[in-house]
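Chains A and B are the protein sequences, given in the same order.
Taken in order, the first sequence gives residues 51 to 480; the numbers are from the numbering used here.
Taken in order, the second sequence gives residues 1140 to 1393; the numbers are from the numbering used here.
These are calculated hints, taken from the structure and not from any lab test.
Where hints are given, some of them may not hold.
Calculated Cβ distances over 12 angstroms to all of chain A for the following chain B residues [stated by the list, open to error]: (1) F1158; (2) F1172; (3) G1203; (4) K1211; (5) S1242; (6) G1289; (7) G1366; (8) T1375; (9) K1387; (10) P1388.
Residues from chain A that keep clear of chain B, each with C-beta distances beyond 10 angstroms, as calculated [as the list claims (entries may be wrong)]: (11) I130; (12) E267; (13) E276; (14) A292; (15) V341; (16) L364; (17) I367; (18) P453; (19) L468.
Calculated cross-link-like contacts (lysine-lysine; reagent style DSS-like; alpha-carbon spacing at most 27 angstroms) [said to hold, decoys possible]: (20) K1279(B) <-> K475(A); (21) K1268(B) <-> K345(A); (22) K345(A) <-> K1387(B); (23) K1279(B) <-> K271(A).
We treat Cβ as the ideally placed atom computed from N, Cα and C, and that holds for glycine.
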Amino acid sequence: MADASASGTSSKRKSLFQTLEVDTRLLGMVGAFVVVCLMFNFLTDGRFLTPRNIFNLTIQTVSVAIMATGMVFVIVTRHIDLSVGSLLATCSAMMAMTQTAILPGLGLDFGSPLIAPLAILVGVATGAVIGAFQGYLIGYLAIPAFIVTLGGLLVWRNVAWYLTNGQTIGPLDETFQLLGGISGTMGETGSWILGVIAVIVAAVAIWGARRARIAHEFPVKPIWAEFALMIVAAVLILGLVATLNAYEVPERVLARQFEAQGLTVPEGYTQGYGVPYSVLLLIAVAVVMTVVARKTRLGRYIFATGGNPDAAELSGINTRMLTVKVFAIMGVLCALAALVASARLSFHSNDIGTLDELRVIAAAVIGGTALAGGMGTIYGAILGALIMQSLQSGMAMVGVDAPFQNIVVGGVLVLAVLVDIVYRKRTGAK
Amino acid sequence: MVDRSGTPLVEMRDISVSFGGIKAVDHVSIDLFPGEVVGLLGHNGAGKSTLIKCLSGAYRQDTGDIFVNGEKANIENPRDARDYNIETIYQTLALADNLDAASNLFLGRELTTGLGFVNDAAMEAETRKIMGRLNPNFRKFASPVSALSGGQRQSVAIARAVYFEAKILVMDEPTAALGPQETQMVAELIQELKKDGLGIFLIDHDVHQVKRLCDRAAVMKNGELVGIVDVDDVSTDDLLAMIIAGKKPEHLAA
């Protein structure tokens, strides 16, 4: 929908990007991201674009990126959610208390394989219920989302505090910690298998879309363009896998692992980390959310309501219930983000997720979600989260003073929106 | 001539709606027969749109009943209205500007695949078919409707009503934003739909247009019904007098 190249103008010679029918906005963001990466790579004498740093960047981005996908839906329906950081803390506290206090109290031993799934279930349910409740206040009682979630920002932060008495809860269950990033990765072989499956899925999806258009006798792009897209997708996917595989487990960690099994590390043995489970979770969330946005009635109604709430209502869409659903989805994603964030720390801390609401909103907005509603993409939000995280860690690596780091991030947020406004004006898109 | 001997397609009986203390619609009764176009005239705020929104489900009347084909109809929301084959073309067009024509046409009634996902290709194909009939020059199937001209947007809104085989069509100032050529297109479409046996309520400000397109005209003033007249029995001046003075012309006042 974002692509304005209408059919019927084939007489004019199209540019390469028009023929490929790729979103030029996406291209702009990717371009900005590449520039940021290259700049930091130059400033850090090549330390920024190492497998190790890229690995760290991906796992640092996951928590905010997961929530940003949900924030897209919230902002598209013309709402806002300021409570996500606090909701993350409450979900994290619930999961931490479940696995360290409640389940062992019910007779489940520490280390039982049931602990992690049960704790996650409790966390997700907590997020869904709180999110739906906030959605009810907004949709049915017509309290502005800004107020409800501003209240939520205070309430849920302190509910988390109350639940844990302000204590740091840990260490968390070992299975649970697998979703934290470096403590749980797929290994090299698993990652390659995943990469190959992803490439096949991408190719099949591109081909399927083409066949559907041919079946209805719609114009399609030239066949070489389809193959070019497939190749780009394959290079990106396999490139990421190769990079994450190239980050090798340090020798002392390997030595410790082998020691635990009573073995010694063989001469010249190395092992790559591969794709972290947390990144796998983010990819799964991104795929599901994209399918919801583009291929389900729920997604269609979310965008229609954002574009024109009255029209949606007159078309028989229950916009109140829709609000409840959107905020419930946001709550579930907060719970998943809480899972990743606390697992990465290996404990629940009282200040977990502080200021995340601002990072999440900024990621969605940098990713092209319009606060006026009706516009936004899931991949944009994830890319926005990645750009924000790259700026933050890049500046830390360069040694920029902490106050300047935040000044730059704030400036970039405003600048990104300005660029977006100018872009939309130029291209005539609204 | 319209045959008014059978059961009316729609009968709105003794409808009242008030907002706060203001009576927007005050005990109005009106009916519509198959193949008939009834014009609704009146000043801004006369209650035309409010009355008609009770039929399309956007408002709920305080008192009074609606009968469709002689049976009492319970219309609480737009979805109910659609179930009675009542389609409405709103003055604002009620289009989601950020979506393309096909998504708007099927909004709330998407075609889905076996797995429950929306079937965009099928919806676009259907949209191309119906637009080919209504507005053969329409090409912008991939653009959001915000990129369309007033006439193109109007044809999307009309296509939405026509596609789902409305029996009763409500048009709220369908030509207000259109140029002469597009207005002519709407006029021709109304004649065509009339032949198919649809009943149409046409809200309009233009008495000439009402005289040209409608069979009967209902005039409202301050929420009350001034009268329903056969357009062939009255001049445009008579209609204007009804709108402004709120009086039925003398030769018809029994």
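Verification of the hints:
1. Look at F1158(B): its CB is around 17 angstroms from the nearest CB on chain A, clear of 12 angstroms, so calling it non-interface holds up.
2. The beta carbon of F1172(B) sits about 26 angstroms from the closest Cβ of chain A, which is more than 12 angstroms, so the claim that it is off the interface holds.
3. For G1203(B), the requirement that its beta carbon stay farther than 12 angstroms from each beta carbon of chain A is met, with the minimum near 22 angstroms.
4. Residue placement check: K1211(B) keeps its beta carbon more than 12 angstroms from all beta carbons of chain A (closest about 21 angstroms).
5. Not every beta carbon of chain A lies more than 12 angstroms from that of S1242(B), the smallest distance being close to 6 angstroms; the non-interface claim is violated.
6. The claim that G1289(B) lies off the interface holds: its Cβ sits roughly 16 angstroms from the closest Cβ of chain A, which is beyond the 12 angstroms cut-off.
7. Here G1366(B) stays apart from chain A, with its beta-carbon at least about 30 angstroms from theirs, past the 12 angstroms limit.
8. The Cβ of T1375(B) sits about 32 angstroms from the closest Cβ of chain A, beyond the 12 angstroms cut-off, so the non-interface label holds.
9. No beta-carbon of chain A comes within 12 angstroms of the beta-carbon of K1387(B); the shortest separation is about 34 angstroms.
10. The Cβ of P1388(B) lies farther than 12 angstroms from every Cβ of chain A, with a closest approach of about 36 angstroms, so its non-interface assignment holds.
11. Distance check on I130(A): its Cβ is at least 18 angstroms (rounded) from any Cβ of chain B, clearing the 10 angstroms threshold; non-interface status holds.
12. Listed as a non-interface residue, E267(A) fails to keep its Cβ farther than 10 angstroms from every Cβ of chain B; the least gap is roughly 8 angstroms.
13. For E276(A), the condition that its CB be more than 10 angstroms from all CB atoms of chain B holds, with the nearest at approximately 16 angstroms.
14. The claim that A292(A) lies off the interface holds: its Cβ sits roughly 33 angstroms from the closest Cβ of chain B, which is beyond the 10 angstroms cut-off.
15. At roughly 8 angstroms from the closest C-beta of chain B, the C-beta of V341(A) falls inside 10 angstroms, breaking its exclusion from the interface.
16. A beta-carbon of chain B is positioned within 10 angstroms of the beta-carbon of L364(A); the least distance is around 5 angstroms.
17. Listed as outside the interface, I367(A) is inconsistent with that label: its C-beta sits roughly 6 angstroms from the nearest C-beta of chain B, within the 10 angstroms cut-off.
18. Under the 10 angstroms C-beta cut-off, the non-interface status given to P453(A) relative to chain B holds; the minimum distance is some 39 angstroms.
19. No beta-carbon of chain B comes within 10 angstroms of the beta-carbon of L468(A); the shortest separation is about 21 angstroms.
20. Of the supplied pair hints, the one linking K1279(B) and K475(A) holds, its CA atoms being roughly 19 angstroms apart against a limit of 27 angstroms.
21. The suggested pairing of K1268(B) with K345(A) holds, with an alpha-carbon distance near 22 angstroms, which does not exceed 27 angstroms.
22. Note on K345(A) and K1387(B): the hinted pairing is violated, with a Cα-Cα distance of about 55 angstroms set against a maximum of 27 angstroms.
23. For the proposed pair K1279(B) and K271(A), the alpha carbon gap of about 17 angstroms is at most 27 angstroms, so the pair holds.
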